[in-house]
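Chemist: Keeping the supplied structure of chain A fixed, place chain B upon it in accordance with the hints.
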Amino acid sequence: MSATRMRLMPRRRRSVKDLPPLGKLVAYLILGFWALVVLFPLYWLAITSFKLPIQVNAGPVYLPFVDFHPSLDAWHYIFVDLRSDTLRPYLNTIVVAVGSSTLALLLGATAAYALIRFKYQPRVGVILLFVGCVLLAAAAVWFGAPLPLALVVAAGIFALLASTVGRRFKRGLSNRDVAFWIISQRILPPVAVVIPIYVLFQRVGLLDTRTALVITYAATNLPIVVWLMRDYFNTLPWELEEAAVVDGASTFRVFRSITLPLSIPGLVATFLIVFVFAWNEYLLALFLSSADAQTMPLTVAAQNATRGPQWWYMSVLIQIMILPVIALAIALERVISRGLLVGAVKG
Amino acid sequence: MDALRLTRGRRRASRSAIRERTGRAAALGATAGVRAAFIWPALLAILFVSIFPLLVSLYISLSRLKLRRGGFDFTFIGLDNFRELYVGGERSHFLGVTRPLTPLGWLVLVATLALLAWGLVRAWRGGVSVLGLVLRLAGSLLAAAAAWLVVHTLLAHGGRPGTAVVTVVYVLVGVAIQFVLGLGLAYILTQGLPGQRFFRVVFLLPMMITPVGVAYMFRMLTDTGKGPLQPLWAAVGLGDFSWVNDPWGARIAVMVGDIWQWTPFMFIILLAALEGQDTETVEAAMVDGANRWQIFRRVSLPAILPVCATVVLIRLIEAFKIIDLPNILTNGGPGTATESLSLHAYLRWRTLDLGQSAAVAYSLLFIVTVVALSYVNLLRRRVADE
Numbered sequence: 001m002s003a004t005r006m007r008l009m010p011r012r013r014r015s016v017k018d019l020p021p022l023g024k025l026v027a028y029l030i031l032g033f034w035a036l037v038v039l040f041p042l043y044w045l046a047i048t049s050f051k052l053p054i055q056v057n058a059g060p061v062y063l064p065f066v067d068f069h070p071s072l073d074a075w076h077y078i079f080v081d082l083r084s085d086t087l088r089p090y091l092n093t094i095v096v097a098v099g100s101s102t103l104a105l106l107l108g109a110t111a112a113y114a115l116i117r118f119k120y121q122p123r124v125g126v127i128l129l130f131v132g133c134v135l136l137a138a139a140a141v142w143f144g145a146p147l148p149l150a151l152v153v154a155a156g157i158f159a160l161l162a163s164t165v166g167r168r169f170k171r172g173l174s175n176r177d178v179a180f181w182i183i184s185q186r187i188l189p190p191v192a193v194v195i196p197i198y199v200l201f202q203r204v205g206l207l208d209t210r211t212a213l214v215i216t217y218a219a220t221n222l223p224i225v226v227w228l229m230r231d232y233f234n235t236l237p238w239e240l241e242e243a244a245v246v247d248g249a250s251t252f253r254v255f256r257s258i259t260l261p262l263s264i265p266g267l268v269a270t271f272l273i274v275f276v277f278a279w280n281e282y283l284l285a286l287f288l289s290s291a292d293a294q295t296m297p298l299t300v301a302a303q304n305a306t307r308g309p310q311w312w313y314m315s316v317l318i319q320i321m322i323l324p325v326i327a328l329a330i331a332l333e334r335v336i337s338r339g340l341l342v343g344a345v346k347g
Numbered sequence: 348m349d350a351l352r353l354t355r356g357r358r359r360a361s362r363s364a365i366r367e368r369t370g371r372a373a374a375l376g377a378t379a380g381v382r383a384a385f386i387w388p389a390l391l392a393i394l395f396v397s398i399f400p401l402l403v404s405l406y407i408s409l410s411r412l413k414l415r416r417g418g419f420d421f422t423f424i425g426l427d428n429f430r431e432l433y434v435g436g437e438r439s440h441f442l443g444v445t446r447p448l449t450p451l452g453w454l455v456l457v458a459t460l461a462l463l464a465w466g467l468v469r470a471w472r473g474g475v476s477v478l479g480l481v482l483r484l485a486g487s488l489l490a491a492a493a494a495w496l497v498v499h500t501l502l503a504h505g506g507r508p509g510t511a512v513v514t515v516v517y518v519l520v521g522v523a524i525q526f527v528l529g530l531g532l533a534y535i536l537t538q539g540l541p542g543q544r545f546f547r548v549v550f551l552l553p554m555m556i557t558p559v560g561v562a563y564m565f566r567m568l569t570d571t572g573k574g575p576l577q578p579l580w581a582a583v584g585l586g587d588f589s590w591v592n593d594p595w596g597a598r599i600a601v602m603v604g605d606i607w608q609w610t611p612f613m614f615i616i617l618l619a620a621l622e623g624q625d626t627e628t629v630e631a632a633m634v635d636g637a638n639r640w641q642i643f644r645r646v647s648l649p650a651i652l653p654v655c656a657t658v659v660l661i662r663l664i665e666a667f668k669i670i671d672l673p674n675i676l677t678n679g680g681p682g683t684a685t686e687s688l689s690l691h692a693y694l695r696w697r698t699l700d701l702g703q704s705a706a707v708a709y710s711l712l713f714i715v716t717v718v719a720l721s722y723v724n725l726l727r728r729r730v731a732d733e
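Residue numbers (the numbering used here), protein chains in the order written: chain A, 1 to 347; chain B, 348 to 733.
The shape of chain A in the complex, shown without the other chains (with noise of 0.2 Å):
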């Protein structure tokens, strides 16, 4: 419930006395200091994009104006002479984060409201069940056997154990298991899973996709989702939802009409938080994609690699890619912080 309270207590001004001159003068000049750190190095971003390479080479100049006469040479060369090359893979970066999130925040939502209001009970034998007819249906792929076969067989051997074995398994598994098992999936490196992902997609002809991309960013942000909604599902009033199913609408209908509309502050921060995640993605993509679905990141590594450090037309590249997600981060900075709050108070 500490969750609740934090959101339901009025913030209130401290009525801490306030600090003493020199506290306050040493609190100011650490604030600045730190203000500086994370601002010089954008500010340097934004004036070397004005700059002609003649005007980096020579050594540090840093104002405009008085320094250096600042001209858009840069931008030009981004927007005008490569043009197909920078809006490509920045509509790619778009679409790739706008679905994958989406596609995310659906499942996790409905996975973490379905593990606040119901109850599941995994028998530790059927799982294990489960994952013996999946490496027997692998084996016999292994050896030869194709592949629709195999998978309708072990899907038949799965349903007839479980459906007569599987009620003699005691051993069951609460939901905080499962959320448990789901939000650990965070641990996994994506470089231990990327390679046979790469072969997947390889196989069904997908790679070089945005669908492939969308598919995996939103699988892997789906823990983020889960852990995050779930806490914040679990703070909604019970009693509404009751009050809809005694007037008979059914289990999705109440999802969908009540409980969704509820959660639309949880719901934007947890999209948010996964949005950034998706925009900034830069593992998965050097695997997954080569030219057609270049994610931003990507183009961005690329100068390094192509042309030496060009650093007027990475800067402006840089900056096209930030602007968005800062302007969002100066918008909602509070949504983002109450967001991520919920779920570590929880963990």
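Since the hints were derived computationally from the structure, they do not count as laboratory data.
One or more hints might be untrue.
Claimed, not checked - Label-pair distances were calculated between CB atoms; the ranges are:
hint	chain 1	residue 1	chain 2	residue 2	range
1	B	W465	A	R256	52 to 62 Å
2	A	I54	B	L579	15 to 25 Å
3	A	R176	B	A461	31 to 41 Å
4	A	Y77	B	V723	46 to 56 Å
5	A	Y43	B	L478	55 to 65 Å
6	A	I30	B	Q577	21 to 31 Å
7	A	L39	B	V583	20 to 30 Å
8	A	A302	B	L412	20 to 30 Å
9	B	V583	A	I30	15 to 25 Å
10	A	L332	B	A383	29 to 39 Å
11	B	R411	A	R203	12 to 22 Å
12	B	G584	A	Y62	16 to 26 Å
13	B	L725	A	R176	20 to 30 Å
Don't be surprised by glycine CBs; every beta carbon is placed ideally from N, CA and C.
Modeler: Below, chain B alone, put in the same frame as chain A:
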């Protein structure tokens, strides 16, 4: 201390509330089919990116890729990939070059071993179950081996750390500094100073910037010739020094970039936690005449300790995945000095040595899992609930 006990009580209450609610769910007419429809899509998606690839990866790590006309084959070679990493030709790349210890190295090693032994004795005296003792023993042995390796590569005459050691250094140093900075900044911002809103937003920014961009920015900043800090470097006599060509200079550059980027994550959550704590306890402590440090140490810190434990855990897990910064900032160089495990695996993949790449990735998975589990068992459980 009371504040902590209060939160704990509240949490226990909330947990039983959850249990009661989920118990009522069956009465709400959600059939087995509906319940399955809600959760299976997510489970299948996670199976798709975790269990299935992990199994295939395991097989790849135990095999060698052979190109043939029109395709490729995997030949099973057992543990050869791992053998090469841990004792074979790749050892100096992966683990590092071990050399005789310096006096400081001996001191650190002996201190670490003593600490581990003390922990074991305490657990034994405290009456832990047999399984618990065995697990602790295994954990301590692993920790001792890790300490031996770190000390023999970092604090030795002519030793050189491999990618595994470098990654661990990135994670431990990075997360520790991020936590201290984040907590300090968050604390200052709860003191009711004017202009808070500005600082909050500014401090959040680095987290939103793509790591690739951060890497380039720090490449500019570390450029001692054309970078903006050139007068500064010249003034302290480092005008000709190249940060990215010196092994430790390059590693420090990577760590500084990582700290710059991820301090906001710690900051923003800890700030929200500090703002959310009970004002009554703080006021009560003040009435009792406690000074600022005492209030922070005795009231605020215990109250937000569970949140602290969780943010550190999250960052710990995420920090192990570092790849963008070393790849762009230093290209893993000079030599392999700044390569992280993820980058190591990626570079092996690029040279089509898939077996070795998967073996490195699996080693990374093993390290992260062990670190995360020991952290949860040793620390987090103690400060968080249960």
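Chemist: Can you give the numbers of the hints that this structure goes against, from lowest to highest?
Modeler: none
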